[in-house]
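Model the full structure from these sequences, guided by the hints.
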Amino acid sequence: MLQKIKYTLKHTTIYSLGNITTKLIGIILLPLYTKHITVSEYGVLGILESTILILTQVLILGQQHAFLRFHDLEEYKNNRKTTLFTIFIFIVGISIFLNLIGQCFATKLASLFAKPVDFTIYFRLSFYIIALRLINKLFLNALRAKEKSTFYVIGNILKLAIVLGFNIYFVAFAKIGVKGILYSYLIGDAVLFLILFPNMIFEMIPKFNRKILIASLTFGFPLIFTALAGMLLNQGDRYILKYFVDYREAGLYILGYKIAGVLNMFFIQSFSMSLLPIAYKMYGQKGDKRYYSKMLTYFVFVLFWAGLGLALFGKELIKALALNPDYWLAYTIVPYIILGYIFSGARSILNLGLYLKKKTKYIAYNTIGAAVLNIVLNFILIPKYEMIGAAVATVISFITLYFVTYFVANRFYKIPYENMKLVKMLILAVVLFFISTLTVNLNILPRILIKVAIIILFPFILYPMKFYEPIEILRIKQSWQKWKNPKNWRYNITKIKLR
Numbered sequence: 001m002l003q004k005i006k007y008t009l010k011h012t013t014i015y016s017l018g019n020i021t022t023k024l025i026g027i028i029l030l031p032l033y034t035k036h037i038t039v040s041e042y043g044v045l046g047i048l049e050s051t052i053l054i055l056t057q058v059l060i061l062g063q064q065h066a067f068l069r070f071h072d073l074e075e076y077k078n079n080r081k082t083t084l085f086t087i088f089i090f091i092v093g094i095s096i097f098l099n100l101i102g103q104c105f106a107t108k109l110a111s112l113f114a115k116p117v118d119f120t121i122y123f124r125l126s127f128y129i130i131a132l133r134l135i136n137k138l139f140l141n142a143l144r145a146k147e148k149s150t151f152y153v154i155g156n157i158l159k160l161a162i163v164l165g166f167n168i169y170f171v172a173f174a175k176i177g178v179k180g181i182l183y184s185y186l187i188g189d190a191v192l193f194l195i196l197f198p199n200m201i202f203e204m205i206p207k208f209n210r211k212i213l214i215a216s217l218t219f220g221f222p223l224i225f226t227a228l229a230g231m232l233l234n235q236g237d238r239y240i241l242k243y244f245v246d247y248r249e250a251g252l253y254i255l256g257y258k259i260a261g262v263l264n265m266f267f268i269q270s271f272s273m274s275l276l277p278i279a280y281k282m283y284g285q286k287g288d289k290r291y292y293s294k295m296l297t298y299f300v301f302v303l304f305w306a307g308l309g310l311a312l313f314g315k316e317l318i319k320a321l322a323l324n325p326d327y328w329l330a331y332t333i334v335p336y337i338i339l340g341y342i343f344s345g346a347r348s349i350l351n352l353g354l355y356l357k358k359k360t361k362y363i364a365y366n367t368i369g370a371a372v373l374n375i376v377l378n379f380i381l382i383p384k385y386e387m388i389g390a391a392v393a394t395v396i397s398f399i400t401l402y403f404v405t406y407f408v409a410n411r412f413y414k415i416p417y418e419n420m421k422l423v424k425m426l427i428l429a430v431v432l433f434f435i436s437t438l439t440v441n442l443n444i445l446p447r448i449l450i451k452v453a454i455i456i457l458f459p460f461i462l463y464p465m466k467f468y469e470p471i472e473i474l475r476i477k478q479s480w481q482k483w484k485n486p487k488n489w490r491y492n493i494t495k496i497k498l499r
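Residue numbering for the sequence shown follows our numbering, beginning at 1 and increasing consecutively.
Hints may be right or wrong, so weigh each one.
Quick list of simulated restraints, FRET-style, between CB atoms [as the list claims (entries may be wrong)]:
hint, residue 1, residue 2, range
1, 423, 453, 20 to 28 Å
2, 440, 81, 34 to 42 Å
3, 157, 384, 43 to 51 Å
4, 105, 449, 56 to 64 Å
5, 89, 379, 35 to 43 Å
6, 457, 176, 44 to 52 Å
Derived DSS-like pairs: lysine-lysine, alpha-carbon spacing no greater than 27 Å straight-line [to be verified]:
hint, residue 1, residue 2
7, 211, 357
8, 477, 451
9, 286, 211
10, 81, 211
11, 137, 361
By construction, these hints were calculated from the structure, which means they are not laboratory data.
These numbers were taken from a predicted model, which means no experiment stands behind them.
We put the CB at the ideal spot given by N, CA and C, even for glycine.
Below, the structure written as structure tokens:
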């Protein structure tokens, strides 16, 4: 069990590096953006980024997940290269069709906005970006299926370097704002495609198989609605904020969401990417359900610990990154979004039962229901509470989705999750956060020291709460001894083996 968990963590760490490189761009460039573009322009950029993300997730039609699933199925093992080629050709066709339609109607669509000339360019660039991301997304998932995590990371790091360089040039020197940022994204995705494509050529046989495409579309079809609902759940509140308030309020909300999204960036997405391929391999083996249960406990432990630290220092982090004080109010929504992310991350493991039993339509039903709830709550709360209302709607929606997923997934594949341990972590994290709010009137040094102490104490306070099992305590002690005296540890292990 321990070796399997270590194997998952190894790939999670590697994928996190690749995932961080793509997501970290928005964080690294915050000082640049907040200095050279207004809060309203940042709101425009955020809504464009959300639109690109939503369309990419929907138009890929769940084919990245289909390839992952088919890769390890016995009936498709001899047709892996044909499967990848078939799906690739299909995705290329979607990309071409999107641009034929999108480029023709870009001007008419832009006429609906206040600055039609600018928005025409925004839309044209966005359609090109989406086309490249559809193909890159398939290729990156092919690397995941083959567990080529190192190559995955290298490609994303090169993309990061290119996007960063061109962003600095277009925004700071050419001073073309949002348009320059989109140009940077386009160049970065084009370079990533040029890196991935030569490698993928050797993973494909140029043979289009209609039966494989039908099977992959059948598997991925419910995930279209899951993707759309998921995007609306995560991104839809930006559009509603713009509708009821303005681009400035949307910009503040997007910044706060992005800071809270560090938790999603470093942990949730990376973990989810490594978990699913390994979970498919574990399915049906001895101890598979205990493995899934323990992974939820350990994962949520990391999320609460890291999330607590991020929530405690959200205000200081935003002040450090945002050079313009107009952006600083964004910190108020950070704790809400972090709590929502924790429930969202935990739910990704609960979905395993539905993936393993090929009941993906229920993932779609659950996510659509949560998205509808989120939209309704946003229309109720945003007019009165603005971005705080949007944040509260996000938390309620993700908590609801977590519990619905738990009960639905257990109907098809019951996993004995350690629910009481999850409740203990939730209670402790909330209590510690509220204790930290009492430091608001203290000077900066004692305030920071108290917050650091709170973060350090989190795992220790769980001990008297009977959170840890005896075997876990033993492993912690062994790890401590190994770190403290690595030479003695190796000597003792050698002695044990000799005996």
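Against the structure, the hints:
About 24 Å separates the C-beta atoms of residue 423 and residue 453, a value consistent with the hinted range of 20 to 28 Å. For residue 440 paired with residue 81, a C-beta distance near 60 Å fails the hint of 34 to 42 Å. At roughly 44 Å, the beta-carbon separation of residue 157 and residue 384 lies within the given 43 to 51 Å, and the hint holds. At roughly 57 Å, the beta-carbon separation of residue 105 and residue 449 lies within the given 56 to 64 Å, and the hint holds.
Separation of residue 89 from residue 379 is about 42 Å and conforms to the stated range, judged on CB atoms against 35 to 43 Å. The hinted window of 44 to 52 Å between residue 457 and residue 176 holds, with their beta carbons roughly 48 Å apart. For a cut-off of 27 Å, the pair hint linking residue 211 to residue 357 stands: about 22 Å separates their Cα positions. Using a Cα cut-off of 27 Å, the hinted pair residue 477 and residue 451 holds, with the two alpha carbons roughly 26 Å apart.
About 34 Å separates the Cα atoms of residue 286 and residue 211, which puts this hinted pair outside 27 Å; it is violated. The hinted pair formed by residue 81 and residue 211 meets the criterion: a straight-line CA distance of about 14 Å does not exceed 27 Å. A threshold of 27 Å between alpha carbons decides the hint, and for residue 137 with residue 361 the separation of about 22 Å falls inside it, so the pair holds.
The structure shown violates the earlier hints numbered 2 and 9.
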